[in-house]
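Novice: Given next are the chains, with one letter for each unit.
Protein chains: 4
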Amino acid sequence: MGGSVPPSVSVFGAAGFTGALTARLLHRHPVFELRTLTARSDQGRRLDDLYPHHRVPIELEELDLDRHADVDAAVVAYPHGAAAPLVAELRARDVRVVDLSADFRLRDPAVYGRWYREHLAPERLVEAVYGLPERYREQIRGADLVANPGCYPTATLLALAPLAREGVIADVIVDAKSGVSGAGRTPSEKTHFVSADENLNAYGVPRHRHIPEIEQELAALGAEVPITFVPHLVPLDQGELVSCYVTPAGGADIDLGELYAEAYAGEPFVELAEGPPGVRDVRETNICRISVHRDERTGRVIVFAAIDNLWKGAASQAVQNLNLMFGLREEEGIGIGASRQPEAIR
Amino acid sequence: MGGSVPPSVSVFGAAGFTGALTARLLHRHPVFELRTLTARSDQGRRLDDLYPHHRVPIELEELDLDRHADVDAAVVAYPHGAAAPLVAELRARDVRVVDLSADFRLRDPAVYGRWYREHLAPERLVEAVYGLPERYREQIRGADLVANPGCYPTATLLALAPLAREGVIADVIVDAKSGVSGAGRTPSEKTHFVSADENLNAYGVPRHRHIPEIEQELAALGAEVPITFVPHLVPLDQGELVSCYVTPAGGADIDLGELYAEAYAGEPFVELAEGPPGVRDVRETNICRISVHRDERTGRVIVFAAIDNLWKGAASQAVQNLNLMFGLREEEGIGIGASRQPEAIR
Amino acid sequence: MGGSVPPSVSVFGAAGFTGALTARLLHRHPVFELRTLTARSDQGRRLDDLYPHHRVPIELEELDLDRHADVDAAVVAYPHGAAAPLVAELRARDVRVVDLSADFRLRDPAVYGRWYREHLAPERLVEAVYGLPERYREQIRGADLVANPGCYPTATLLALAPLAREGVIADVIVDAKSGVSGAGRTPSEKTHFVSADENLNAYGVPRHRHIPEIEQELAALGAEVPITFVPHLVPLDQGELVSCYVTPAGGADIDLGELYAEAYAGEPFVELAEGPPGVRDVRETNICRISVHRDERTGRVIVFAAIDNLWKGAASQAVQNLNLMFGLREEEGIGIGASRQPEAIR
Amino acid sequence: MGGSVPPSVSVFGAAGFTGALTARLLHRHPVFELRTLTARSDQGRRLDDLYPHHRVPIELEELDLDRHADVDAAVVAYPHGAAAPLVAELRARDVRVVDLSADFRLRDPAVYGRWYREHLAPERLVEAVYGLPERYREQIRGADLVANPGCYPTATLLALAPLAREGVIADVIVDAKSGVSGAGRTPSEKTHFVSADENLNAYGVPRHRHIPEIEQELAALGAEVPITFVPHLVPLDQGELVSCYVTPAGGADIDLGELYAEAYAGEPFVELAEGPPGVRDVRETNICRISVHRDERTGRVIVFAAIDNLWKGAASQAVQNLNLMFGLREEEGIGIGASRQPEAIR
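Chains as they are written, first to last, in our numbering: chain A, 362 to 707; chain B, 362 to 707; chain C, 362 to 707; chain D, 362 to 707.
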């Protein structure tokens, strides 16, 4: 990217929910120029035919790296495992990449191997930055490869970071709830309306793949604890809530409200609320809305964080990362930012 | 079936929504003995694994006519076109059949051919009775082959029969709305939770396959009119509402409330309401709830009918037909009947 | 409003669904300066406390005309009947008004009296312009009082205008379906989640208050026909679909696709689709998405139009009108416009 | 109740969700004779007008103890606090009572006072039996006053009882999720469709009133631990899921599957599942469906229990208790019982 030429960007894997939303945000972005969309299915269809509400009149093309990689930046929205080789190719051509898959989130390829499969491009791990701007803003600015966090880790880490940094987490249980869009676009028994509607259940018990990602980042913050993490499917479209139950190691005298207010002062996309946040409060935004509570009876600290799993949990966070990588205003093209809450939280 | 031996019955195609519900009703039926379940998918799985809430601890088997046809009665829940050959085989073995498909609903195989495909067992059409008990109760009692009506025709015909019989229908538009279970169990883009949730749209415009079935039966009642019929998909699980707009041919002096009250006096599963019925009012019942209104400004007659598409629109009506065929009490094993509404309808 | 000073605007009645959304759109509007919000309930609460997702950090105040009317423009979101006196007061102070109620939509106060109540400010009717920009764009530009259309009339008129203007409507039935937000914010038996969820029913049969508004505007277009209009409540939040069944008076040779394409060429917020539109396609937009079909069997023309009842059906259309009144770009501050559909519609 | 005369029963407070459902179950009960319904609102309306789907053609009457208390048994469905005086009056007249409120669940009136208000009939506490049949079956048989458990305690206690009895619970966190019917029939901002739909949030943090009830019963089973209990509202009608995170005190060698299988052997309404239960699996049944899992990474035991909050969480459990009190078969009139799951759970 040079001078005043707008940086060009392609989305690889734009037929899925997160790729398509990324395409929508970039298509209307005031700076980036969305160049091409590729897809592994529905090639030849236009994106506004698949997703009329995104209104992106661009055709989905079969991957042709010579054409599609001739851009300044790429967002890769491929399934876990399939992303790594494409990312490696794009990096070899000097394209700066935000990868939505899990392939570059775990620093240790052995851990990746235990939870996913053998890593197909471990040599690129060294340049990957974990794309949680509220945590790694400076590193992201200079990065050529950003591993966009998972939706559950995004909410969980934003909920727990202030406590982790303070060193007061002795133990933590995360009961997570997600809308059905989190299960992806492929139709299945589980995503059939008749299965999900008026239903509610846990899944992925007791080993969900987001666990190592959360533990890695909590440890980096100072909280080296194994977590219990259980996701649930709830009958709504977009939205995710994590309810975090922290057994504190000391810290009974910490002013939780102050701790969180300081931790997130000035953050454009973190919002502190007095009462428990609802997922409706953050629908179609890049905002994470958090409340923190102390249960005096048990001494436990309870933290809730709500995000839109497709936005802050994936697509709009990817654009937030792109904005940082290309020196733009972080909020550019992502819509409404956090409301300043004047009420001090308890 | 002889003496006091309970009649035995098999359900063919029990993995789909309507076959599975039929199995549930028959499994708990006070008279019938549910013998076997076959399925074209999920063979070897137990039905209460696929549908825990039906609580039918019976395995789905691959079709083996020699074993499965050794019963007094069969319910066939196969797709349109696939049902006809199986029904013919079952009838050749003297099994009495209720067929949930469209294959034996249309008396004229040429009409069937135009809307579906070439008929594969036209020689059996002559013995088929259209299984709407409120219309053909006596014929069903003696029938060996009952063509269970489609869900839309069931609601529409019950809504319009009193007017059709009276000869006052000059023209009729049916705007129909159905929950997503009507689209069947196969996962697809359309039945994905994320597509159907918070959505609402028409489909099958302007030629829906239920049209010839409705027109055939309206004509038999005396109303030989081409109908406009447009179905819509609404974000709910089970339930169907038809809104019928009738331009009357004369009849301005008919007391509509009286006409309907007389038409359905004593009917165990038709319920007349003063205000527009909701699909929630009939969920998981065999009841059709109807209201009729005259729009004085336009002279038009408006009739609403609500059913549960899986119950009165398919499975419980199949059991109602079986009850009639085997000389049982019509309500046997189908649950709650209509509430007697003391209010005279207008 | 003078020179480069941004025009100031107040929203009166900002605690309800449509007033609150109008406040959100104006709070982020690139030109207007949102000055104050008044409310008849919840005074003293901040709007982002009632509606966190709107993120408008402004307090709701008790009405004080001396303070609140000192603006260039006002949006009035009061109930029918209560709006008229406030609008009259605002106009007396030379404030330009967009009124979301029905009070200034009907040109004839006698008709208003029959469907609502005695009109409380009939002297202001003469200056009112019906705020459907696709129909009265030029008049709105110069207007001081714009009567924002009802949600059902907006969708219905956009669906039918091309046919009405062509003079080919002999008769029309409108089967309308709306999400629950259309019933307003006041909690009631009907809007209780447990009543509306998994339910579906008609209401307001056979005399819904939107009828005279639709008939007035159809007549003005040349189609002087009494309409049958029946609204239904569907279990979704925001969204409205009208299914219009037109018996044509001649016109069998009209190319419907061409007629609609010409009628809406260049319209920034009307979108033509080949297949039936879904309400999800227009959620949180100012867009009306339309498809038109001919039923060859019956000769009938079927038109579907989908809008978001809170947006194009109320708040964003109010801002569209304000934009026109103040000489701004029509799309200013309303978000995504219609996607140009390259496919010719049939 | 004498000889073969069916025991008569009245429901007090039948206009609410749980009272109305109890009325429906008793109206169709094969043994009990439902005599009268009283209500604090909607007096004079028939129950099938308020709740068409219950089909109970009985009028709601204003309380008149002389008439209404002339029965063998009563179900009281009054709000907490309001129930106690009525229950005391009924008991003074020797009517056997099942009380759906919290008023007789807590053995210690001082605890009741801390979480609710001053107890208005503490003298009756001594004869109250906690109505969880799986726990107190024998005491219920002889009881004259049964305190029907809360919905959350029912699910939580059934989930945890086998572990509590085994003495292996060191600590427990209960993350509970309930459908909107749990909030009762009174329309409010929280139960408005537009608030609850596509939303999800915790409430009652950190002190929910069901906590003392759960702690009392866990202690009675041997687990004297303070619990962390956080309820969430999910966008569905009926259904409740508790996710229990148990830090075990020893017990690493316990075969959890065997423990639960033995604990619930022969229980007609407890169902053990291999995978996490969904609330859809138990909708409109008296069944509690449970799964238990060990998280090898953290040593924690995770138990899920799903019920229908209006059925097993209130009305059908009340009938189960009445059946026991009057020496009837426990399953009488409550519908489908648990499916025997042949698969050993892990």
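The hints are simulated quantities; they were obtained by calculation from the structure and are not laboratory data.
These numbers were taken from a predicted model, which means no experiment stands behind them.
Be aware that a few hints might be false.
If chains are identical, the list can't say which one is meant, so a pair holds when it fits in one copy or spans any two.
To be verified - With a straight-line cut-off of 20 Å between C-alpha atoms, the simulated EDC-like cross-links for lysine to aspartate or glutamate are:
#1 Lys551 with Glu628
#2 Lys551 with Glu635
#3 Lys551 with Asp410
#4 Lys551 with Glu499
Novice: None of the hints should be skipped; say for each whether it holds.
Specialist: Hint by hint, here is what the structure shows:
Taking the closest pair of Cα atoms, Lys551 and Glu628 never come within 20 Å of each other, the shortest separation being 36 Å inside a single copy and 30 Å across copies. Only between protomers do Lys551 and Glu635 lie at most 20 Å apart by alpha-carbon distance; the minimum there is 17 Å, versus 35 Å within a single protomer. In this assembly of identical chains, Lys551 and Asp410 lie within 20 Å of each other by CA distance solely across copies; the values are 14 Å between and 25 Å within a copy. For the identical chains of this complex, Lys551 and Glu499 are neighbours neither inside a copy (40 Å) nor across copies (41 Å), given an alpha-carbon limit of 20 Å.
Figure legend: structure checked against the earlier numbered hints; hints not met, in rising order: 1, 4.
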